[in-house]
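There are 2 protein chains.
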Amino acid sequence: MKPIKVGMLGLGTVGTGVIRIVEGHQDDLQRKIGSAVEIVKVLVKDKNKPRDVSLPEEVLTEDPYEVLHHPEIDVIIEVMGGTGHAKTWMMEALRQGKQVVTANKDLMATSGSELIEEARKQQCDVLYEASVAGGIPILRTIVEGFSSDRIQKMMGIVNGTTNYILTKMSQEGASYDDVLAEAQALGYAEADPTSDVEGLDAAYKMAILGTLGFHTNVSMDDVTVKGITSVTKEDIQYGKRLGYEVKLLGIAERQDDSISLTVQPTMVKATHPLASVNGVFNAVYVYGEAVGETMFYGPGAGEMPTATSVVADLVAVCKNIKLGVSGKTGAVAYKEKKLKTDQQISCKNFLLLHVADKAGVLARITEIFAQHEVSLESVLQHPNQHNPAAEIIIITHDATKASMNNVLETLDGLDVVHEIRSVYRVEG
Amino acid sequence: MKPIKVGMLGLGTVGTGVIRIVEGHQDDLQRKIGSAVEIVKVLVKDKNKPRDVSLPEEVLTEDPYEVLHHPEIDVIIEVMGGTGHAKTWMMEALRQGKQVVTANKDLMATSGSELIEEARKQQCDVLYEASVAGGIPILRTIVEGFSSDRIQKMMGIVNGTTNYILTKMSQEGASYDDVLAEAQALGYAEADPTSDVEGLDAAYKMAILGTLGFHTNVSMDDVTVKGITSVTKEDIQYGKRLGYEVKLLGIAERQDDSISLTVQPTMVKATHPLASVNGVFNAVYVYGEAVGETMFYGPGAGEMPTATSVVADLVAVCKNIKLGVSGKTGAVAYKEKKLKTDQQISCKNFLLLHVADKAGVLARITEIFAQHEVSLESVLQHPNQHNPAAEIIIITHDATKASMNNVLETLDGLDVVHEIRSVYRVEG
Chain A
1 MKPIKVGMLG
11 LGTVGTGVIR
21 IVEGHQDDLQ
31 RKIGSAVEIV
41 KVLVKDKNKP
51 RDVSLPEEVL
61 TEDPYEVLHH
71 PEIDVIIEVM
81 GGTGHAKTWM
91 MEALRQGKQV
101 VTANKDLMAT
111 SGSELIEEAR
121 KQQCDVLYEA
131 SVAGGIPILR
141 TIVEGFSSDR
151 IQKMMGIVNG
161 TTNYILTKMS
171 QEGASYDDVL
181 AEAQALGYAE
191 ADPTSDVEGL
201 DAAYKMAILG
211 TLGFHTNVSM
221 DDVTVKGITS
231 VTKEDIQYGK
241 RLGYEVKLLG
251 IAERQDDSIS
261 LTVQPTMVKA
271 THPLASVNGV
281 FNAVYVYGEA
291 VGETMFYGPG
301 AGEMPTATSV
311 VADLVAVCKN
321 IKLGVSGKTG
331 AVAYKEKKLK
341 TDQQISCKNF
351 LLLHVADKAG
361 VLARITEIFA
371 QHEVSLESVL
381 QHPNQHNPAA
391 EIIIITHDAT
401 KASMNNVLET
411 LDGLDVVHEI
421 RSVYRVEG
Chain B
1 MKPIKVGMLG
11 LGTVGTGVIR
21 IVEGHQDDLQ
31 RKIGSAVEIV
41 KVLVKDKNKP
51 RDVSLPEEVL
61 TEDPYEVLHH
71 PEIDVIIEVM
81 GGTGHAKTWM
91 MEALRQGKQV
101 VTANKDLMAT
111 SGSELIEEAR
121 KQQCDVLYEA
131 SVAGGIPILR
141 TIVEGFSSDR
151 IQKMMGIVNG
161 TTNYILTKMS
171 QEGASYDDVL
181 AEAQALGYAE
191 ADPTSDVEGL
201 DAAYKMAILG
211 TLGFHTNVSM
221 DDVTVKGITS
231 VTKEDIQYGK
241 RLGYEVKLLG
251 IAERQDDSIS
261 LTVQPTMVKA
271 THPLASVNGV
281 FNAVYVYGEA
291 VGETMFYGPG
301 AGEMPTATSV
311 VADLVAVCKN
321 IKLGVSGKTG
331 AVAYKEKKLK
341 TDQQISCKNF
351 LLLHVADKAG
361 VLARITEIFA
371 QHEVSLESVL
381 QHPNQHNPAA
391 EIIIITHDAT
401 KASMNNVLET
411 LDGLDVVHEI
421 RSVYRVEG
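Top line first, the protein sequences correspond to chains A and B.
Residue numbers for the first sequence, in the UniProt record's numbering: 1 to 428.
Residue numbers for the second sequence, in the UniProt record's numbering: 1 to 428.
Just so you know, these hints were derived from the structure itself, not from any lab.
Just so you know, not all the hints are guaranteed correct.
[Stated by the list, open to error] If you want a taste of the chain B side facing chain A, the calculated C-beta under 10 angstroms gives, among others:
1. Gly135
2. Ala290
3. Ile368
[Said to hold, decoys possible] Chain B is faced by these chain A residues, among others (derived, beta-carbon under 8 angstroms):
4. Thr141
5. Asn217
6. Ala290
7. Val291
8. Gly298
9. Val311
10. Lys328
11. Val332
12. Ala370
Backbone N, C-alpha and C fix where the C-beta goes; we use that ideal spot for every residue, glycine too.
Given the sequences, and given the hints that come with them, work out the whole structure.
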């Protein structure tokens, strides 16, 4: 059988893992696909840079068009990242009739529908399992495993860096700044950690999960995003005392056909399976109308886990080539997008307030919740020994975002409320 | 587009769920498949029995051949269970060129290779996602999600009944007999619970997982099986004190190309993700050479979860019909089967011994382990207040099954050892 020829854009961590798997598992891959897989061209920035994998000299190139326009290449793997060149070159690959596999969440979240549209026109596949939750095959699970069900809710710990930071803060009582510095020293956080700690990376992934889970084109603008930079060790300790762990959750929900997507630090009940997902691990919790509760857990990043997902996509793409069904098996976003309004979005909330330590304050505050029809699950008040103010912790029952915004605005204007210290969504 | 016509054998719990999903999700299914799906014939034992779903009178039949030989039926769904008629009729369905979807673990574990062989001959699909871990799409995860990886170990809590019993025993300190009676009253255990509590149900599922994960035909004879009937509340309490939970684990391992499969009550370290899978939930832990640790969690049984998996298979089968690739996408068992010998199987072990309460006993016992080259991780001895004997708990390091058998045989012959009370494998 004629071997399937592959070109790759990028040879960083993930690209190196891809080479290792394709070389190391050649026999298995051949059995599964029905022909050999050969990596014939790899785009790199500098051909002379020393590499962890050895490739014949003629395989490396600094010219993208030697890969994109290579007449024998069937599949292009994009593992260079970013949204500039990566987009231009992937579009060109599709126009050349090449199948595409990518690990690029930023690109798929921002230009996914455009790429998929071009792929459909060219009868090509675009697969991107590695773009969400590294080694967990969550995209095919959602598209194929739950093809018969209606997914109502997806909650994901989909960013390893922030989960590492929050886990350390929880387990060691350490501060955000200290743990971030440690994570940077260990290579778990980048020198510029913005995309991770501000929740953008997680939002990219939730946009992709939302698009596939809800069959509609979710864009980054549809995801409300809050990062973890304002999470304090005090918040985490208060949460623990009440039976919660703070996690940066991406939450995508559907009710009837209206959806909402958010990324935010969330108090997760300690008994919920997401609460014990620690360190750099990822997990995606999926609630389906018929199936109920499920959760998928695994490594969210790293050379080999991410490469596993890239090569699994490569296997799928190669099988489609052999079967003559390229471009015909992909998921279709067939539903019109309807976003929930603030009147429709609803959740439980955790509030930490610093208030004047005098009689009648609690009554005034709880009255404001009642006025806005937010009912309370529990209220805890105790004097703060380091502070002339008292601290009040309130956990609400389900309340709409609109009502909660009104409550917060009114509390903010109240003279006895010194500070609305923290507000968290509550899950589990 | 011409609708795809489906026949079903059986209309019990799962069959009823299938009807509900196919009717309730018709619009979504049509979008995903590209044509409508119609259930045209359903085999039942008694046409006049009242049902939870209403079907036109002409759909129900008591004659299997009205389903199997129906000229317009494309796909047969088998949800009747058992290995007698079910096998005969599925073979006949395949010979008639029908695609087959089944939830039947017993049949797939005992006659899977025969059915798959016939399907290949007829260019038909046989899919059976629902046969393992109900609502968790674990089979496609193993076949497709990890197609690029080498799976080294799968550990599954794949029987909800026994996990419910062990969870209750652990959480409430109750005895096996009491919890079994309660589970029977609640419908979580059958009147004759043998297949569940003796580990056979779990063994069927491990044979299927082993076949797919290791690409070789694993049969029931290859799985060593021990059930939970001898697990005592004392064992569970001792385990908890040492940081373990007792779970009935199916364990399938590969080293180089030799495999071993077992189902047995296992002491699972409390920090391992499997230890907190409670009640009737199922979970499958998969360790891949490249991906590392992953776990997939969800409902293991029930009308709607199981039906979700059946209909997800139906969607896949229908897509293959539309693409003209029926019978061409299945997994192939391409590896020769090599079973590990007792010298190659190795694990940590937990032993609870009742011994004579006198000087020198511990030394004699530990010497026996040393003679057989089994090293010890920890040893605990304390007098038993209800018993003239002392109790010794020993946890070994990794030891081969052969060595452990020698140790146990020697201990058994020792006058100071009154009883080898319990032996558990240890994981995590």
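Results of checking the hints against the structure:
no. : hint   : result
1   : Gly135 : 4 angstroms, holds
2   : Ala290 : 4 angstroms, holds
3   : Ile368 : 39 angstroms, violated
4   : Thr141 : 6 angstroms, holds
5   : Asn217 : 15 angstroms, violated
6   : Ala290 : 4 angstroms, holds
7   : Val291 : 4 angstroms, holds
8   : Gly298 : 3 angstroms, holds
9   : Val311 : 3 angstroms, holds
10  : Lys328 : 6 angstroms, holds
11  : Val332 : 7 angstroms, holds
12  : Ala370 : 37 angstroms, violated
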